[in-house]
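Chains as they are written, first to last, in my numbering: chain F, 1 to 259; chain Z, 1 to 321.
Hint data in this document are derived by calculation from the structure and do not stem from the laboratory.
In this text the structure is predicted, and so the values were computed from the model without any measurement.
Virtual Cβ for every residue (Gly too), placed ideally from N, Cα, C.
Among these hints, one or two may not hold up.
Derived DSSO-like pairs (lysine-lysine); straight-line CA-CA distance at most 30 Å [unchecked claim]: (1) F:Lys168 x Z:Lys143; (2) F:Lys168 x Z:Lys116; (3) Z:Lys20 x Z:Lys225; (4) Z:Lys111 x Z:Lys157; (5) F:Lys23 x Z:Lys136; (6) F:Lys2 x Z:Lys157; (7) F:Lys87 x Z:Lys136; (8) Z:Lys143 x F:Lys23; (9) Z:Lys111 x F:Lys23; (10) Z:Lys184 x Z:Lys123; (11) F:Lys87 x Z:Lys264; (12) F:Lys2 x Z:Lys116; (13) Z:Lys136 x F:Lys252; (14) F:Lys87 x Z:Lys214; (15) Z:Lys238 x F:Lys87; (16) F:Lys87 x Z:Lys225; (17) Z:Lys136 x F:Lys168; (18) F:Lys87 x Z:Lys143; (19) F:Lys168 x Z:Lys20.
Examples of chain F residues toward chain Z, derived with CB under 7 Å [claimed, not checked]: (20) Arg21; (21) Lys23; (22) Ser25; (23) Leu27; (24) Arg94; (25) Met96; (26) His101.
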Amino acid sequence: MKEYRQEIGALTMRWVLRLSREKFSMLFTLVQPMLFWLIFFGNLFQRAADSQVTQAPNYISFLAAGVVVMTVLNNGLAGGVDLLFDKENGFLERLMSTPIHRSSVILSRFIFVMSITSLQVLVILGVAFLFGVHPATGLLGVAVILLIGMMFGVGLTAISMAMAFSVKSHGDFFSVLGFLSLPMIFLSSALVPLAAMPGWMSVLAQFNPMTWAIDAVRPLILSGWSEALPHVGMVVVVMLVFDALCLYGGAKAFRRAMG
Amino acid sequence: MDRSIAIEVSRLCKTYDAHKAVDDLSFQVYAGEIFGLLGPNGAGKSTTLRTLITLLHPTSGTATVFGHDTVRDADTVRTLIGYVPQERAIDRFLTGREHLQLLGALYHLTKEEAAKRIAELLKLVELETHADRPAKTYSGGMKRKLDIACGLLPNPKVLFLDEPTLGLDVQSRLRIWEYVRMLKARGMTIVMTTNYLDEADQLCDRLAIIDGGKIKTLGSPAELKIALGGDIVSLTLKEMDRMAGLESALKNQPAIKAVRLTAKGLDIRVESPEKALPAILESANRLGCGIDFIQYNRPRLDDVFIAHTGRRIQDEVIKEE
């Protein structure tokens with residue numbers, strides 16, 4: 001157990017070191033979602049969005065939940081990229097030829113991606129706060145938002161790592177990534193509530209786990225506990241199923257690649 | 001001499017879909033020797049190596065490292081081996097020291113143990129002054145040195161080197177060879193793959209020539225060359241009329257294996273040139289045969305490779321790249 005902790009600690013530290021060496025990349029990773037989506041998009045659509053439709057005092061407070069979950073989505077889907085490079089340049093083989101527990105590399109990645117994502121979510125909520133979005137459920141609500149983000153992030157990161165282990169080249173990986181990200185956002189309640197979508201889109205959006213996550217985060221920010229709790233209960237169930245499926249697929253891909 | 005066995009590969013097969021990457025391979029590596037797996041790209045060298053370092057499970061057959069099975073006992077095997085991958089398996093954002101620190105933790109060394117060993121290794125591969133620079137600033141040779149330091153960090157009983165000098169300049173190459181010889185002198189067992197014949201010839205105590213997933217031949221470089229039928233002494237004679245006389249005079253001598261007439265003289269296969277050359281010259285003198293030109297060819301490993309695979313190793317390499 002002590003050895004296991006030592007391995008995971010050292011591997012997680014490596015991801016942190018890598019990030020700290022890429023100062024620009026770190027900066028852009030951290031500020032990109034809040035800059036583009038929250039500040040620009042949120043303010044841009046302030047008058048175009050009908051508050052009767054969004055059921056929110058202003059568009060930016062409606063959008064905050066969407067940006068939080070979008071950040072989780074993008075970080076999660078990109079969570080396997082570093083492992084993909086490790087696989088391609090042989091670093092993964094080097095790690096795997098050492099007497100470490102087979103799951104350590106993957107666990108370190110989960111820990112790292114979850115930590116960075118949580119940090120970003122906090123920054124986004126902080127920026128939203130500056131624009132007058134005050135979470136209705138307070139700090140406990142923020143903690144629940146982080147928890148939902150992590151539950152969604154685990155499954156996404158598992159998908160991403162499974163893809164990293166399965167693809168033949170990193171070109172394939174990035175094509176699939178690019179193909180997944182935007183439709184997932186548009187076919188969710190991130191930008192527009194389900195009720196205001198064209199029928200066929202709202203049907204598709206209901207099958208998007210992202211929608212469930214946003215529909216739980218949004219009342220935590222906008223309304224309060226009584227409205228949020230049923231959604232939170234629901235999203236926990238949805239995410240448990242989602243994570244179980246993703247982890248199962250991820251474990252299979254990992255075993256195929258490593259044995 | 002009875003030597004202890006470090007690695008035992010027994011009827012190893014690895015199949016990908018319908019393709020047999022390794023086909024019924026058996027060999028042993030003795031403790032303390034440098035063993036080479038030589039062959040063109042795609043011959044099955046890397047597959048064999050990756051099975052030995054526990055990264056691949058064989059389709060059938062077994063491999064053991066100091067008696068430990070690479071599948072059932074993989075964790076024990078991993079504590080005994082060091083691995084230097086073919087690609088520069090370097091994280092360009094980490095410094096040399098951070099690479100070694102990471103591996104120290106993965107081999108479960110304490111901080112003090114790791115720091116001590118890292119200092120020794122950095123000194124050994126002459127990277128002390130560059131240890132705290134990110135690896136992206138390293139030259140190809142420096143990266144390779146770091147790779148080797150990483151492979152040595154666990155103080156392994158067996159070190160696996162996958163194409164250790166691929167793409168290196170001559171100086172770095174010679175340096176790497178020096179390290180390998182030094183490690184052998186310290187008693188380490190070394191298994192390396194290579195598609196450079198001169199490298200195999202220079203470094204390996206024994207080598208297996210692999211092609212199409214099978215071992216074509218196995219032995220020390222000297223044995224393999226001798227098995228081809230010995231060295232060749234070619235004579236160019238001044239007077240062609242005395243050639244037949246010389247031929248028959250040489251044929252029955254003990255140091256000479258075969259004599260063949262050529263357009264300008266004789267090709268003589270000899271077992272050891274030290275004994276044969278004086279005999280040849282003495283006979284030529286006695287018969288009054290003037291010799292214009294004498295050439296002595298030692299078979300090279302290239303000739304061994306061609307004899308066993310039917311082609312030159314370089315052809316294959318160029319074609320695949």
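Verification of the hints:
no. : hint                : in the structure
1   : F:Lys168 x Z:Lys143 : holds (26 Å)
2   : F:Lys168 x Z:Lys116 : violated (40 Å)
3   : Z:Lys20 x Z:Lys225  : holds (29 Å)
4   : Z:Lys111 x Z:Lys157 : holds (22 Å)
5   : F:Lys23 x Z:Lys136  : holds (15 Å)
6   : F:Lys2 x Z:Lys157   : holds (25 Å)
7   : F:Lys87 x Z:Lys136  : holds (18 Å)
8   : Z:Lys143 x F:Lys23  : holds (23 Å)
9   : Z:Lys111 x F:Lys23  : holds (28 Å)
10  : Z:Lys184 x Z:Lys123 : holds (18 Å)
11  : F:Lys87 x Z:Lys264  : violated (59 Å)
12  : F:Lys2 x Z:Lys116   : holds (21 Å)
13  : Z:Lys136 x F:Lys252 : violated (34 Å)
14  : F:Lys87 x Z:Lys214  : holds (27 Å)
15  : Z:Lys238 x F:Lys87  : violated (65 Å)
16  : F:Lys87 x Z:Lys225  : violated (39 Å)
17  : Z:Lys136 x F:Lys168 : holds (25 Å)
18  : F:Lys87 x Z:Lys143  : holds (18 Å)
19  : F:Lys168 x Z:Lys20  : holds (20 Å)
20  : Arg21               : holds (4 Å)
21  : Lys23               : violated (11 Å)
22  : Ser25               : violated (10 Å)
23  : Leu27               : violated (15 Å)
24  : Arg94               : holds (5 Å)
25  : Met96               : holds (6 Å)
26  : His101              : violated (9 Å)
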